[in-house]
Amino acid sequence: MEKQTKVQNNALPRDAKVDILATYLTRPRLWWLYTLIVLIIFALISWSGSTVQYKGLANKGVEVAKGIWNGLVSPDRSLLFTLNEEGAIVSPFINVTPEGVPYQLLQTVAIAVLGTLIGGVLAIPFSFLACDKIVPKWVALIFNVFILLIRTIPSLVWALVWIRVTGPNAFCGVVTQSVCSIGMICKMYITAIEDIDTRILESLDATGCNGFQKIRYGMLPQIIPNFISTVIYRFDINVKDATTLGIVGAGGIGAALIQCITSSRWSMVGSYLFGMILLMIVIELFSTYVRQKLARG
Amino acid sequence: MSKTKQKDASGKSLTGRVIGAVVMAAAGVFCALAALGVTPGAIVLSALTVCAALHALHTRTMKLKNGKSVVQPGSNGLLIGMLLVDIVAASAVLTGFDFGIIMKRGNQFFVILQQIFQPDFNYFPKVVDPLLDTIKMSILGSVIGATLALPVSVIASTNINRSGVAVWAQRILLMIIRTLPTLVIAKFAALIFGLGTFAGTVAIVIFTFGVVSKMMYESIETIDMGAFEAMESFGANKFQSFWSACMPQILPTYLSYCLYALEMNIRAAAILGYVGAGGLGLLMDERIGWRDYRGLGMVLLALFVVVLIIEQTSQYLRKKLS
Amino acid sequence: MIEFKHVDKVYPNGTKGLSDINLSIDQGEFVAIIGLSGAGKSTLIRTINRMIDVTGGQLVVDGTDVMSLSGKAMRRYRRKIGMIFQSYNLVTRTTAIRNVLTSMVPDMPFWKVLLGAFSAEQKLKALEALDKVGILDKAYIRCDQLSGGQQQRVSLARTLNQDPTIILADEPVAALDPVTAHQVMADFKRINQEMNITVLINIHHVDLALAYCSRVIGIRAGKIVYDGPTQDVTQEILDEIYGGATVPTAGT
Numbered sequence: 055m056e057k058q059t060k061v062q063n064n065a066l067p068r069d070a071k072v073d074i075l076a077t078y079l080t081r082p083r084l085w086w087l088y089t090l091i092v093l094i095i096f097a098l099i100s101w102s103g104s105t106v107q108y109k110g111l112a113n114k115g116v117e118v119a120k121g122i123w124n125g126l127v128s129p130d131r132s133l134l135f136t137l138n139e140e141g142a143i144v145s146p147f148i149n150v151t152p153e154g155v156p157y158q159l160l161q162t163v164a165i166a167v168l169g170t171l172i173g174g175v176l177a178i179p180f181s182f183l184a185c186d187k188i189v190p191k192w193v194a195l196i197f198n199v200f201i202l203l204i205r206t207i208p209s210l211v212w213a214l215v216w217i218r219v220t221g222p223n224a225f226c227g228v229v230t231q232s233v234c235s236i237g238m239i240c241k242m243y244i245t246a247i248e249d250i251d252t253r254i255l256e257s258l259d260a261t262g263c264n265g266f267q268k269i270r271y272g273m274l275p276q277i278i279p280n281f282i283s284t285v286i287y288r289f290d291i292n293v294k295d296a297t298t299l300g301i302v303g304a305g306g307i308g309a310a311l312i313q314c315i316t317s318s319r320w321s322m323v324g325s326y327l328f329g330m331i332l333l334m335i336v337i338e339l340f341s342t343y344v345r346q347k348l349a350r351g
Numbered sequence: 010m011s012k013t014k015q016k017d018a019s020g021k022s023l024t025g026r027v028i029g030a031v032v033m034a035a036a037g038v039f040c041a042l043a044a045l046g047v048t049p050g051a052i053v054l055s056a057l058t059v060c061a062a063l064h065a066l067h068t069r070t071m072k073l074k075n076g077k078s079v080v081q082p083g084s085n086g087l088l089i090g091m092l093l094v095d096i097v098a099a100s101a102v103l104t105g106f107d108f109g110i111i112m113k114r115g116n117q118f119f120v121i122l123q124q125i126f127q128p129d130f131n132y133f134p135k136v137v138d139p140l141l142d143t144i145k146m147s148i149l150g151s152v153i154g155a156t157l158a159l160p161v162s163v164i165a166s167t168n169i170n171r172s173g174v175a176v177w178a179q180r181i182l183l184m185i186i187r188t189l190p191t192l193v194i195a196k197f198a199a200l201i202f203g204l205g206t207f208a209g210t211v212a213i214v215i216f217t218f219g220v221v222s223k224m225m226y227e228s229i230e231t232i233d234m235g236a237f238e239a240m241e242s243f244g245a246n247k248f249q250s251f252w253s254a255c256m257p258q259i260l261p262t263y264l265s266y267c268l269y270a271l272e273m274n275i276r277a278a279a280i281l282g283y284v285g286a287g288g289l290g291l292l293m294d295e296r297i298g299w300r301d302y303r304g305l306g307m308v309l310l311a312l313f314v315v316v317l318i319i320e321q322t323s324q325y326l327r328k329k330l331s
Numbered sequence: 642m643i644e645f646k647h648v649d650k651v652y653p654n655g656t657k658g659l660s661d662i663n664l665s666i667d668q669g670e671f672v673a674i675i676g677l678s679g680a681g682k683s684t685l686i687r688t689i690n691r692m693i694d695v696t697g698g699q700l701v702v703d704g705t706d707v708m709s710l711s712g713k714a715m716r717r718y719r720r721k722i723g724m725i726f727q728s729y730n731l732v733t734r735t736t737a738i739r740n741v742l743t744s745m746v747p748d749m750p751f752w753k754v755l756l757g758a759f760s761a762e763q764k765l766k767a768l769e770a771l772d773k774v775g776i777l778d779k780a781y782i783r784c785d786q787l788s789g790g791q792q793q794r795v796s797l798a799r800t801l802n803q804d805p806t807i808i809l810a811d812e813p814v815a816a817l818d819p820v821t822a823h824q825v826m827a828d829f830k831r832i833n834q835e836m837n838i839t840v841l842i843n844i845h846h847v848d849l850a851l852a853y854c855s856r857v858i859g860i861r862a863g864k865i866v867y868d869g870p871t872q873d874v875t876q877e878i879l880d881e882i883y884g885g886a887t888v889p890t891a892g893t
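Chains as they are written, first to last, in the numbering used here: chain A, 55 to 351; chain B, 10 to 331; chain C, 642 to 893.
Chain A on its own, in the form it takes in the complex (with noise of 0.2 angstroms):
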């Protein structure tokens, strides 16, 4: 092996010998970092696997599996539609009463609608102030804080504040959507605020504007399509966040939903779960052409 080596290593000029064996020892060794990192990933893994221990179904675990099969494969049609005694669908076609489907999924996502909305609006004078190229450092050191505050507090807990003051309905749900979604938004909005090209003001600049008029015609035409398009996207997340909203009585499907899994009437659980998965699927495709379209025009 030494010797092999030997007679590759004459066939090289000097200097170029010396080069590659330099190379060779200098390389970068990082392979105790790799290790380090393996090692803490096991170590984390084998500690959160401790508690998180399968002991095996629930006494009905195997029935509820089943209903959930059952609801879904055959899901509860009069809910949906306006059915006749035979079960036919009759006019005017969709169930519109309120225990029905569709009124259940237009007031969740009339809750989204509003949330978001005033989230949005909310949102805006805090993210100018949170934004450290606008205030001073520690201004926006504040309202970040306060910014994570409102993240961090889940919108379950927000709810359930929020109902002491409303009482449990519709509009508790507007008022915690507004709330929690500022987090976010505010995120979003703050690097759309510090993505601003800034050699447009210039140029407006050199044509003589003044301060309101370089905001008007530089900062806001590249915003606004960013803003817009973080409210619409925060709109597709508080829709799905609405239908859980429900779960603590604050309005939308959620409600229905969950006392239907309580009492185990699996074939109304298959017709919202039903209802609730064309709704976010419509709602995403909304939201992602709407996105597209404000990006590319």
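These are calculated hints, taken from the structure and not from any lab test.
Glycine included, every Cβ here is placed at the ideal spot set by N, Cα and C.
Among the hints, erroneous ones may be present.
20 angstroms max Cα-Cα, derived EDC-like pairs, lysine to aspartate or glutamate [to be verified]:
1. B/K74 with C/E762
2. C/K864 with C/E881
3. B/K77 with C/E769
4. A/K241 with B/E272
5. B/K223 with A/E248
6. A/K347 with B/E272
7. B/K74 with C/E835
8. B/K77 with C/E762
9. B/K72 with C/E881
10. B/K328 with A/E248
11. B/K223 with A/E338
12. B/K77 with C/E881
13. B/K72 with C/D772
14. A/K347 with C/D785
15. C/K721 with A/E338
16. C/K713 with A/E248
Covered by chain C, per the in silico footprint, the following chain A stretches (three or more residues, Cβ under 8 angstroms) [to be verified]:
17. 177-189
18. 252-263
Put chains B and C on the given structure of chain A with help from the hints.
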């Protein structure tokens, strides 16, 4: 140069514009009438919406001094604005929007908030165990979910998997998984596997799997396929080519998404206890039920600190990765 | 008429940007300013519309002492001077005509600015400006869908729309391919000749400068080393401007 252009000057087709305006106007009028009934307010709103639609379709031809003319396309701004007003009006009716309640009883909220901001530190010993459970659930859930997501996202990306059916089947499945709220999944898991942290972990695995898979296949589709093709050209199979040519490109993104998922999961895991899936949620529900807002404050403070630490660490690591 | 009288510029960190510049440029001239990067080309151009303040000497444009202006008077002064940038500096998310209209903003009342309410005459004027640079058909297209050359023309139209007497162009063709660069330079020349607007252009491409401009000013380390008509520029002069480095002029 082109003389009078019959086509829309912004490059969109005229029929598309007409259909868009009609659909939006119809939606607006429907919202106004369905929610408010046939009332003067609803009629005024509908009329304004129709006017906005007409405005959107109105194109003007401008004549320049040198005889050339330009078609100025109508603007959808007003119509979209009116549609939004209609939707807001309908939503306000549907949700029973009542600002008066806030004015009258809003102080209640601040009373509660005040108590939350004075956490009861004596309650801390009771918080430790559920807090650790929450952290453990989210770490384990993130690791398992993200691991499962990697192969699936490869199957669901069009540039690597050429079979359209497999891609779309995978994507629809992922979409359905993502539409199910974590809390509902947790509820089902708690019913099937019994109350406790296992159910919560299952919910988080499913949630992480859905989110990370989607983010991953979107970023796999943007990678440079040159190296992949080169490897295939000298006889490597698909797996070898992917592993050596694409993995190095997507690994930093993947790890970054995993950390991001962990950040989200800590927050998500905190509420799962509400449906009996272990962790802090149960405690929070209990504190609110007993109106012990200072205890709730303690729980939230603990959560806040943990989220802060994990977010900062994760953001630091993600910056290193990119 | 632009007059530099013993103009100096010293940056706050002590760097000398310009030293003892004496120049006089008549209305309607088409001047190319050439020199190495960092020689002071950008500084020279930007002193004219007070984007940069001079620290010594006197700069007089059309009888106004530029350094005496401030606030509103300065903004009004800037209305007469158009400026073109290397990176176009357009709001890419709005249409071409909206970008052109922004150059009218300084003359509008507050509420109209706020609402973005432009009159029909203003729109027609903006369209005419777009027509002058040959992109009338792109008026209602968003700028991020235009090519680099088209975007630079939108920015040229924006400048024309403010009826300038002087146009300052800071590396306007540096980001464009050779064919488009020629087209944009031809636009400048046409505007210069047809509308009698003084054009000052900072340019790296010596061949383009020699092909289109009527006068060349060479700058080296903040000093003018050549000032004369284009036809008198020789290889020796170019070598001098570029500090002895051989300049490939490729026989243009």
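Given the hint that C/K864 pairs with C/E881, test it: the Cα-Cα distance must not exceed 20 angstroms.
Measuring from Cα to Cα gives roughly 12 angstroms; hence the hint holds.
CA of B/K223 to CA of A/E248, is that 20 angstroms or under?
violated, 27 angstroms
Has the given pair, A/K347 with C/D785, been kept, meaning a C-alpha gap of at most 20 angstroms?
Holds, at roughly 13 angstroms.
Could you grab the alpha-carbon distance between B/K328 and A/E248 and see if it respects the 20 angstroms cut-off?
Between B/K328 and A/E248 the Cα gap is close to 17 angstroms, so the pair holds against 20 angstroms.
Is the straight-line distance between the alpha-carbon of B/K74 and that of C/E762 20 angstroms or less?
Roughly 11 angstroms separates the two Cα atoms, so the pair holds.
Is the straight-line distance between the alpha-carbon of C/K721 and that of A/E338 20 angstroms or less?
Violated - the C-alpha atoms of A/E338 and C/K721 are around 50 angstroms apart, more than 20 angstroms.
Below or equal to 20 angstroms on CA atoms is what counts here, so check B/K77 against C/E881.
violated, 49 angstroms
Could you grab the alpha-carbon distance between B/K72 and C/D772 and see if it respects the 20 angstroms cut-off?
Distance ~12 angstroms between B/K72 and C/D772 Cα, so the pair holds.
Hinted pair, alpha-carbon criterion (20 angstroms max): B/K72, C/E881. Please report holds or violated.
violated, 52 angstroms
Sort out whether B/E272 lies within 20 angstroms of A/K347, counting only the CA atoms.
violated, 30 angstroms
Does the structure keep B/K77 and C/E762 at a Cα separation of 20 angstroms or less?
holds, 15 angstroms
20 angstroms limit on alpha-carbon distance, applied to hinted pair B/K74 and C/E835
Cα-Cα ~17 angstroms, so holds.
Going through the hint list in order, the structure does not satisfy hints 5, 6, 9, 12, 15, 16 and 17.
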